[in-house]
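Undergrad: Here's the letter readout for the chains.
Protein chains: 2
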Amino acid sequence: MRAQIVAIAVSVLAQAASAAVEAKNVIYVIPDGWGPASQTLARDLQGLIESGTNRTNPIIGKLAVDDMVNGLVRTYSANRLITDSAAGGTALATGHKTNNGWVGVTPDRRPVGSILEAAKLAGLGTGLVSTTAITHATPGAYSAHTVDRNNQNLIAEQQLGRVHPLGSVVDVLLGGGRCNFLPQGAEGSCREDDIDLYAYAEELGWSVARNRSEFDEFERGLGAARLPILGNFASGDMRLEIDRREVQDEPSLLEMSQTAVQALHRATHCKDKGYFVMIESAKLDTSGHAGDVPAHAVGTWHFNEVMKWLSEWIDEHPDTILISSSDHETGGLTLVGNYDPTPAFEARHTANFLANKWNGRPEDADSRQFLVDEILPYYALTDAMEGEIEELLETDDMEDTLTMMLSQRVGAEWSTGGHSAIDVTLFSYAAGDKRRELQADLARNWNNIEIPRYIEEVLGLDMDSVTELLQEAAEEDDSWLGDRLD
Amino acid sequence: MRAQIVAIAVSVLAQAASAAVEAKNVIYVIPDGWGPASQTLARDLQGLIESGTNRTNPIIGKLAVDDMVNGLVRTYSANRLITDSAAGGTALATGHKTNNGWVGVTPDRRPVGSILEAAKLAGLGTGLVSTTAITHATPGAYSAHTVDRNNQNLIAEQQLGRVHPLGSVVDVLLGGGRCNFLPQGAEGSCREDDIDLYAYAEELGWSVARNRSEFDEFERGLGAARLPILGNFASGDMRLEIDRREVQDEPSLLEMSQTAVQALHRATHCKDKGYFVMIESAKLDTSGHAGDVPAHAVGTWHFNEVMKWLSEWIDEHPDTILISSSDHETGGLTLVGNYDPTPAFEARHTANFLANKWNGRPEDADSRQFLVDEILPYYALTDAMEGEIEELLETDDMEDTLTMMLSQRVGAEWSTGGHSAIDVTLFSYAAGDKRRELQADLARNWNNIEIPRYIEEVLGLDMDSVTELLQEAAEEDDSWLGDRLD
Chain U
1 MRAQIVAIAV SVLAQAASAA VEAKNVIYVI PDGWGPASQT LARDLQGLIE
51 SGTNRTNPII GKLAVDDMVN GLVRTYSANR LITDSAAGGT ALATGHKTNN
101 GWVGVTPDRR PVGSILEAAK LAGLGTGLVS TTAITHATPG AYSAHTVDRN
151 NQNLIAEQQL GRVHPLGSVV DVLLGGGRCN FLPQGAEGSC REDDIDLYAY
201 AEELGWSVAR NRSEFDEFER GLGAARLPIL GNFASGDMRL EIDRREVQDE
251 PSLLEMSQTA VQALHRATHC KDKGYFVMIE SAKLDTSGHA GDVPAHAVGT
301 WHFNEVMKWL SEWIDEHPDT ILISSSDHET GGLTLVGNYD PTPAFEARHT
351 ANFLANKWNG RPEDADSRQF LVDEILPYYA LTDAMEGEIE ELLETDDMED
401 TLTMMLSQRV GAEWSTGGHS AIDVTLFSYA AGDKRRELQA DLARNWNNIE
451 IPRYIEEVLG LDMDSVTELL QEAAEEDDSW LGDRLD
Chain R
1001 MRAQIVAIAV SVLAQAASAA VEAKNVIYVI PDGWGPASQT LARDLQGLIE
1051 SGTNRTNPII GKLAVDDMVN GLVRTYSANR LITDSAAGGT ALATGHKTNN
1101 GWVGVTPDRR PVGSILEAAK LAGLGTGLVS TTAITHATPG AYSAHTVDRN
1151 NQNLIAEQQL GRVHPLGSVV DVLLGGGRCN FLPQGAEGSC REDDIDLYAY
1201 AEELGWSVAR NRSEFDEFER GLGAARLPIL GNFASGDMRL EIDRREVQDE
1251 PSLLEMSQTA VQALHRATHC KDKGYFVMIE SAKLDTSGHA GDVPAHAVGT
1301 WHFNEVMKWL SEWIDEHPDT ILISSSDHET GGLTLVGNYD PTPAFEARHT
1351 ANFLANKWNG RPEDADSRQF LVDEILPYYA LTDAMEGEIE ELLETDDMED
1401 TLTMMLSQRV GAEWSTGGHS AIDVTLFSYA AGDKRRELQA DLARNWNNIE
1451 IPRYIEEVLG LDMDSVTELL QEAAEEDDSW LGDRLD
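Residue numbers (the numbering used here), protein chains in the order written: chain U, 1 to 486; chain R, 1001 to 1486.
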């Protein structure tokens, strides 16, 4: 098999990431752990709702990002063909491959500058929005440098500039991860020191929100949302959209994105320099890991809603461009056999939410009755057969058993509880003539590390000089990079 | 789940397939049964061969079509979310959804005109190239109309114009399917009548080749390849590339594509009207059905080789554009767990070829010795453990057992023996300024039925008037559409 193949490799000269497009602002959206089949699933479900099986009209079911498809991205990391979010985020943020688990640092433990840091140093506004902890690997890769993604307390300190050689590089931080900002002893803290990052932030003039109602304060008055902004709306991860829209105790990704973009716009629109913001639809990854079909579909719809709002924003603010790609696929989703997502229509919660509800049922509750009344209707399993009910009553893992039953009904096969290697879709949007130029620029398969180089070109930034500054600092003292955890 | 979703559907106005690009010639390539993960697999294998695990250089492993990625295509048929090749081919050829199994006919049994037929009626040259029987569903959809894809004898007659209301619409037919052209009684015939389509073709002046050496005659003299051309190089399906390159008794898809394009070019380059040709890399579907990793990877490399040659041809003939997409994915391939295709390096045949070799071993052969000497080394399983050897010696399905063992080593999961619903990749190539225009035109997710409408626009054709002609003919007598087979 070796013999004939080298000849078909393309030129060994690296492709330049030269950009025909100039823009003042770049918005990058990462649907974490989301692959091509995710969109097919969500679109087919949408199409079935719109029209039943009569789908001869070609646009039935079409979702917003279907009109933004532009290319693909290959995602392998420095040490694995299947990346994790730390190496994937580092590639998309800094243009460097690293090992799985490492954040903003190459495998030789050297920090590398991100597109967000380069933007900040060049005088642009910067923002990070995520539905996971804002200290998690993906937002971390844009704003912090550590040899272990689990150093989330350290990432929080770096994000506020407390231990970052460049000071604070982020003007907007919106997501989960409250526990990483609270000193030990405070309720809900996961820190092991006395550092109170909210006090630190407030002293430096940050606008801070720790819950939904404080977020709503941002929304009510321009003053409240003065940069820099720190908002944490969950202790760790935020809710998946299918749960959130029922419970309504957290802002949605769309709401956080609107706040971030509008705040950065207000702060920069009279200036020469614009902004860079990364928005992560993080919990798609969670529904992929869980193999939770309705959660993944509703999350995909919400990602499409966010992208739709951003494209409409760009129509009004054509000095802005939107690029989006996942960091990797999660779950190894395929749609096979008698595939038909119709049975997922009626689900109203994640299987994880319902498993927690199950585990917390009253001690005196009739288990079978509770299952039939309080669990199955919320996961589109009212048609469960007697044998399935028995299985559910006996399972040690209610979440897993629920997701498997519904996936089987739907024809969704999840081949892994982890990530997969498939190329992920690259989306783009720009207004006016810029749109076709951007599409022509981006139409190809990209190595993930090429993407920030393109943005660098669009915004006229210089990541390498940031890398130099960071590495100079690290040569003096690299304790701020943290240690590998066991 | 129903409540909030209709709002995110995009405008219900169908998107116009308007083209900024004009071209004299269009080449459409269909890697049948091939999805996004197929390219990831082949690229990773290429990358590992080039560089081992040191893959920090972003272009390592990159294959030709990686630079041609432009969009995605959604593939569902009129009656299933998972299409077959007949409905998929009909969509790509005619712009109409139909039921699985139907060829060039809508579900109400009405024939619909194809882009190839419209090209022919407008005076362009036309060609079909495939590594399956040229009478198979995909080439059939461009050139024939029947309510059952299994009416391959009828499709052959239509392709030569014997029973087609428009006469012969194809100038070049290259592929397998010899048996459908031979009268019953002739060696290797699968017809149930006395129609000798080779005699019929030769009488009408077709250049005919029935084997590799007659194909080579085409190559040696321009005269021999005078249009129209009919070449069948296998009784039914042609070999998969991994087998073909060892056995060398059939031309490759690349060789057939070169012959077709060059012959059509010679016949049209002094005229105003150019050509349309569809080239199908058909056996990728076969390796997907089989779950055969090395066969799928080598087939993907060969598809990349064909696309590379076509792009170089277009550099020399910039009045030509190339568009390519699969009709659907096959196998539900995901790359998971400890995914690493390295073990597939050394395979030199399909598992199917080796299973046939196994089944045909000499009666007096020592089975274990034969397995170890004649099978395992050719399928990269020289490291088989004792338990695996026992399993192979006892299996009823040698092909399946071989493919499963190698897939497991590689981390390739095939979730189905059939097709899947995932969107497939859209590729394009054009030369000079036309390239960026084409990329901007094509950058989105396409419903498969929109693709021929775009080509119609590029070439200035009219499929609907062909449909009218065909339906007029069918209203008089629709026996030429054949019957549904059991």
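Some hints could be false.
As the list claims (entries may be wrong) - The calculated SDA-like cross-link candidates involving lysine to any residue, where the alpha carbons are at most 25 Å apart (straight line), are: (1) LYS434/U <-> ARG1436/R; (2) LYS434/U <-> GLY1432/R; (3) LYS434/U <-> THR1106/R; (4) LYS24/U <-> GLY1432/R; (5) LYS24/U <-> GLU255/U.
No lab work stands behind these hints: they were computed from the structure.
Undergrad: None of the hints should be skipped; say for each whether it holds.
TA: How the hints compare with the structure:
1. LYS434/U <-> ARG1436/R: holds, 13 Å
2. LYS434/U <-> GLY1432/R: Holds: LYS434/U and GLY1432/R sit about 19 Å apart, inside 25 Å.
3. LYS434/U <-> THR1106/R: violated, 40 Å
4. LYS24/U <-> GLY1432/R: Not satisfied, since the Cα-Cα distance of roughly 29 Å exceeds 25 Å.
5. LYS24/U <-> GLU255/U: holds, 23 Å
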